[in-house]
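Residue numbers (the working numbering), protein chains in the order written: chain H, 100 to 286; chain A, 100 to 286; chain X, 100 to 286; chain P, 100 to 286.
Read the hints as simulated data drawn from the structure, not as lab findings. Bear in mind that the values here come from a model prediction, so they are computed numbers and not experimental data. Ideal placement from N, C-alpha and C gives every residue a C-beta, glycine not left out. Worth double-checking, as some hints may not be accurate.
In the EDC-like style, the derived pairs of lysine to aspartate or glutamate whose C-alpha atoms are separated by at most 20 Å in a straight line are [as the list claims (entries may be wrong)]:
1) P/222 x H/150
2) H/179 x X/127
3) X/222 x X/127
4) A/179 x P/120
Non-contacting residues of chain A with respect to chain X, defined by C-beta distances greater than 10 Å in every case (computed) [stated by the list, open to error]:
5) 119
6) 137
7) 145
8) 222
9) 236
Over 12 Å on every C-beta distance to chain X, these chain P residues come out as not near it, computed from the model [said to hold, decoys possible]:
10) 122
11) 189
12) 263
Number of protein chains: 4
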Amino acid sequence: MSAATFNHADTYRCAVQLLAERGVQLADIAELVMYLQKEYIASLAFESCLESVQAVLRKREVQNALLTGIQLDMLAEQNKLCSPLQEMIAHDEPLYGVDEVMSFAIVNIYGSIGFTNYGYIDKIKPGILGRLNEKRSGVHTFLDDLVGAVAAAASSRIAHRYHQQQANRRRETRDLDTGPKPDGSAD
Amino acid sequence: MSAATFNHADTYRCAVQLLAERGVQLADIAELVMYLQKEYIASLAFESCLESVQAVLRKREVQNALLTGIQLDMLAEQNKLCSPLQEMIAHDEPLYGVDEVMSFAIVNIYGSIGFTNYGYIDKIKPGILGRLNEKRSGVHTFLDDLVGAVAAAASSRIAHRYHQQQANRRRETRDLDTGPKPDGSAD
Amino acid sequence: MSAATFNHADTYRCAVQLLAERGVQLADIAELVMYLQKEYIASLAFESCLESVQAVLRKREVQNALLTGIQLDMLAEQNKLCSPLQEMIAHDEPLYGVDEVMSFAIVNIYGSIGFTNYGYIDKIKPGILGRLNEKRSGVHTFLDDLVGAVAAAASSRIAHRYHQQQANRRRETRDLDTGPKPDGSAD
Amino acid sequence: MSAATFNHADTYRCAVQLLAERGVQLADIAELVMYLQKEYIASLAFESCLESVQAVLRKREVQNALLTGIQLDMLAEQNKLCSPLQEMIAHDEPLYGVDEVMSFAIVNIYGSIGFTNYGYIDKIKPGILGRLNEKRSGVHTFLDDLVGAVAAAASSRIAHRYHQQQANRRRETRDLDTGPKPDGSAD
Chain H
100 MSAATFNHAD TYRCAVQLLA ERGVQLADIA ELVMYLQKEY IASLAFESCL ESVQAVLRKR
160 EVQNALLTGI QLDMLAEQNK LCSPLQEMIA HDEPLYGVDE VMSFAIVNIY GSIGFTNYGY
220 IDKIKPGILG RLNEKRSGVH TFLDDLVGAV AAAASSRIAH RYHQQQANRR RETRDLDTGP
280 KPDGSAD
Chain A
100 MSAATFNHAD TYRCAVQLLA ERGVQLADIA ELVMYLQKEY IASLAFESCL ESVQAVLRKR
160 EVQNALLTGI QLDMLAEQNK LCSPLQEMIA HDEPLYGVDE VMSFAIVNIY GSIGFTNYGY
220 IDKIKPGILG RLNEKRSGVH TFLDDLVGAV AAAASSRIAH RYHQQQANRR RETRDLDTGP
280 KPDGSAD
Chain X
100 MSAATFNHAD TYRCAVQLLA ERGVQLADIA ELVMYLQKEY IASLAFESCL ESVQAVLRKR
160 EVQNALLTGI QLDMLAEQNK LCSPLQEMIA HDEPLYGVDE VMSFAIVNIY GSIGFTNYGY
220 IDKIKPGILG RLNEKRSGVH TFLDDLVGAV AAAASSRIAH RYHQQQANRR RETRDLDTGP
280 KPDGSAD
Chain P
100 MSAATFNHAD TYRCAVQLLA ERGVQLADIA ELVMYLQKEY IASLAFESCL ESVQAVLRKR
160 EVQNALLTGI QLDMLAEQNK LCSPLQEMIA HDEPLYGVDE VMSFAIVNIY GSIGFTNYGY
220 IDKIKPGILG RLNEKRSGVH TFLDDLVGAV AAAASSRIAH RYHQQQANRR RETRDLDTGP
280 KPDGSAD
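Let the hints inform the model, and build the full structure from the sequences given.
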């Protein structure tokens with residue numbers, strides 16, 4: 100069947116299923132989001148983190164990156180890639196950066212404020228990232244970076260909405276109806 | 100007054116006003132979108148292009164890039180930048196690529212399928228891009244790239260929605276049960 | 100054998116060999132560079148284009164992107180990928196943008212001035228890009244984008260060096276004392 | 100004088116001078132590189148870090164980003180930008196990400212392996228990054244991100260060279276003269 104016969108609902112289901120098969124539940128990613136945001140938003144609820152992870156996973160670009168990266172992990176696990184790509188992915192070769200390139204395409208979608216969060220958890224490896232890293236069996240060269248990217252993107256999404264709500268609240272209290280002039284003159 | 104007291108409505112208004120002050124109407128950008136998409140979507144309406152341009156301009160990342168780039172154009176026009184930055188921007192120096200870096204942050208938000216469209220119109224310079232380029236007076240080093248980026252992003256947004264509708268239609272005809280609604284994936 | 104036992108010479112050889120097996124000679128890519136640069140540099144020699152393509156292909160990031168993308172093309176050709184990724188790559192699905200994400204990682208290495216060239220030839224498809232596109236047999240979803248990216252990067256590299264030489268020449272005529280040699284900036 | 104009359108030596112000098120005027124010595128950046136790499140390369144010398152920082156600063160793209168970002172910091176300090184951009188940069192508004200976009204253009208040049216390092220030090224803020232952050236006076240919205248990006252890029256450059264040397268050494272000991280076949284067959 101042609102790819103064009105898959106819709107977002109199908110590819111969303113595929114992505115979530117693939118993550119589960121590789122040992123990653125959406126709740127694991129939501130925990131990373133909570134880890135990244137709780138210091139900024141005290142009132143943040145786990146449900147909001149989970150909802151944000153689901154919203155990120157509904158993006159076609161995110162689904163495509165996950166399907167592609169996890170597929171490469173699985174093929175490397177089965178030793179089905181050509182050399183030297185097989186060895187690069189199987190051993191998470193330090194100079195192999197395609198996994199990070201694909202992860203950044205995910206972080207990018209919610210804007211640049213997610214870059215810091217991605218780099219931070221990729222280095223600290225909390226929660227599921229640590230567990231994927233410890234795993235003696237299986238190749239997770241792409242998976243751990245992609246999971247970190249989804250968490251970073253979901254965090255940016257929450258941050259964007261939070262700061263916007265704050266701004267709206269302040270604006271309402273000031274009860275302005277016109278916006279500031281770009282020439283800098285006050286209203 | 101603190102930046103956090105500006106909300107999306109304010110920054111949207113500022114961005115649209117700044118574009119107008121620099122000679123760019125939203126309809127000019129919508130024309131670029133039509134130019135890019137009409138060969139793929141015969142039924143595309145100008146109103147859909149305009150609506151898509153407005154949706155792109157509602158993104159905070161896009162507003163920030165526009166405010167920053169146009170400000171640099173204006174300061175270069177007033178000869179208020181330090182050398183050699185003043186000369187680089189005033190003369191749109193070939194090795195100065197910060198304008199394109201900022202434009203790509205815009206294109207990125209709607210995914211990689213916009214890259215080709217951006218590069219294409221940046222080279223062909225149809226409509227408003229040609230007019231900005233011909234302008235003997237004024238510095239538009241950032242503006243023309245940013246306008247092309249907004250048009251490319253608005254085109255990607257339209258393409259994403261169009262292909263998704265097509266897929267949904269085909270799926271429905273196959274009468275398969277659907278999964279979660281891709282509501283989040285729209286924006 | 101561990102990936103770390105492959106050096107640049109090995110991976111360079113692998114990348115060039117893989118390109119040849121998929122029907123792309125370095126001369127084909129050099130022709131694209133000539134196509135992109137000849138209007139800017141009248142005196143440009145084909146040898147300089149070829150040398151620039153080889154320099155780009157010596158970058159490990161570029162080799163990794165080529166090895167990964169071509170591998171995915173080959174696996175899709177052999178129908179060895181999981182659905183829906185198999186269909187997406189086999190049919191070069193319009194919403195599948197991982198090929199462009201990987202291509203942009205290549206263009207990026209030589210700076211943002213290559214973006215325009217990439218988008219332009221990806222749309223116009225001159226020379227080898229047109230031939231790859233016409234091919235009825237075989238999957239080249241990644242290959243055509245990656246080849247365009249290598250050509251765009253090689254063009255940026257030439258443009259950077261050309262403009263720098265021009266600047267140096269002008270500076271010398273003004274006989275100003277020079278500072279540190281930009282030796283590092285070449286690579 | 101036209102921008103094209105500036106060569107790399109000029110722009111390199113300008114960038115280094117601007118950094119110094121804003122309180123950043125190359126040695127401060129080299130310390131960040133040491134902080135990032137010492138755990139991976141025990142034998143790393145401070146001189147190598149400094150040399151790598153200088154090589155990164157010789158890249159025209161890096162110089163352009165520094166000149167542009169620091170200029171914007173200075174103008175915000177002098178309250179010379181239009182509202183709301185003035186407030187966004189002066190207060191390092193959380194949703195303003197142009198500083199990170201420009202920083203990523205720097206990290207990108209040495210490939211994706213620098214992303215993690217950038218995000219990590221941007222969050223931890225060791226050395227000069229912490230001092231810039233504490234500064235009560237002055238606007239450093241762009242500067243701190245750009246300095247972190249230069250350090251991350253210089254680290255990637257060192258990592259690339261180190262891993263390559265290791266690979267070359269291993270190869271020599273194996274005294275192979277032919278590279279591995281991409282079809283996976285051993286020599």
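Tested hints:
no., hint, in the structure
1, P/222 x H/150, "25 Å, violated"
2, H/179 x X/127, "30 Å, violated"
3, X/222 x X/127, "17 Å, holds"
4, A/179 x P/120, "19 Å, holds"
5, 119, "26 Å, holds"
6, 137, "14 Å, holds"
7, 145, "22 Å, holds"
8, 222, "4 Å, violated"
9, 236, "24 Å, holds"
10, 122, "22 Å, holds"
11, 189, "27 Å, holds"
12, 263, "6 Å, violated"
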